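Participant: Same order as they appear, the protein sequences are chains P and E. First residue of the first sequence: 1, per the numbering used here; consecutive thereafter. First residue of the second sequence: 1, per the numbering used here; consecutive thereafter.
Derived by calculation from the structure, the hints in this document are not laboratory data. Please read all numbers here as calculations on a predicted model, not as lab measurements. Any given hint could turn out to be false.
What the hints assert, rightly or not - Which bits of chain P does chain E cover? Going by a derived footprint, with three or more residues having C-beta under 8 Å, they are:
#1 56-67
#2 93-99
Said to hold, decoys possible - Here are some chain E residues pointing at chain P (derived, C-beta under 10 Å):
#3 D57
#4 L118
#5 L132
For glycine and all other residues, C-beta sits at the position ideal for the given N, C-alpha and C.
Each chain, letter by letter, is given below.
Number of protein chains: 2
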Amino acid sequence: MQQAHTETSAAITPAIAPAITPAAVAHAYLAVWNEADSDKRRKQLADGWTDDARYADPLMQASGAEAINAMIGAAQAQFAGHSFRLSGTPDGHGPFVRFSWTLEGAGGVVGGGTDVVLLDADGRVAQVTGFLDSVGA
Amino acid sequence: MQQAHTETSAAITPAIAPAITPAAVAHAYLAVWNEADSDKRRKQLADGWTDDARYADPLMQASGAEAINAMIGAAQAQFAGHSFRLSGTPDGHGPFVRFSWTLEGAGGVVGGGTDVVLLDADGRVAQVTGFLDSVGA
Chain P
1 MQQAHTETSA AITPAIAPAI TPAAVAHAYL AVWNEADSDK RRKQLADGWT
51 DDARYADPLM QASGAEAINA MIGAAQAQFA GHSFRLSGTP DGHGPFVRFS
101 WTLEGAGGVV GGGTDVVLLD ADGRVAQVTG FLDSVGA
Chain E
1 MQQAHTETSA AITPAIAPAI TPAAVAHAYL AVWNEADSDK RRKQLADGWT
51 DDARYADPLM QASGAEAINA MIGAAQAQFA GHSFRLSGTP DGHGPFVRFS
101 WTLEGAGGVV GGGTDVVLLD ADGRVAQVTG FLDSVGA
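Just chain P, with the same shape it has in the complex (with noise of 0.2 Å):
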């Protein structure tokens, strides 16, 4: 499909660093979500998030590392012995990489959803945004 004119297409997909790719994003971005140690996701979040990232999903939203990484200590605790796996491939173009996951624990797959991320020119997760594919326990 041809590509539309835009002055500002620039703006809307700044280059990220060719190194990252979604299934990289993604893995590094669940990795974070099954980290149980506190001072270790903050670690993560550190290096892979922005300062002031965003996360909203339908049951959760968090503004700032510091409020995510209390926010999936939350989660973790809501969902004792369970851990995030990916589902299917990721994907994305420019800064945004999609991907599905799976909630599961030793009695299954309790929930899943989508998220779509937002990077930042530096490939830092600026954003996330989160959907329910499945309802679990």
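Given chain P's structure and the hints, the job is docking chain E onto it.
Facilitator: Relative to chain P, chain E alone:
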């Protein structure tokens, strides 16, 4: 799941006019893509989209109602005789709406995707991030 603490969730999920449902957003959105008259599209965009709305999918990007109108016209020219149809059930939370679509012609479905729409506080389309779910002719 317990809502995570955040001082700025209001900034992440501004109030939206209660009349606006994900389904209504999706149907209005697809109506713009299926409107062949550029002037009518311009009116639809002026009514339902912000002046500086941004659109990005793997094939097209545009910023501003005029560029988006031209982009849609170019896509329609590329797929003459085809129309966009809602697939599945739109969902959303806060200012975000997600829905899937197919592009169909006399020969059947030639493609499909999932779009995530960010609405402003007045319920107007401020940003669209599209992904392709299937590749057609």
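Participant: Taking the hints in turn, state whether each one holds.
Facilitator: Against the structure, the hints come out as follows:
1. 56-67: holds (count 10)
2. 93-99: Our answer is that it holds, as 4 residues pass the Cβ test (under 8 Å) against chain E, meeting three.
3. D57: Cβ of D57(E) sits 7 Å from chain P, so the hint holds.
4. L118: 8 Å, holds
5. L132: 8 Å, holds
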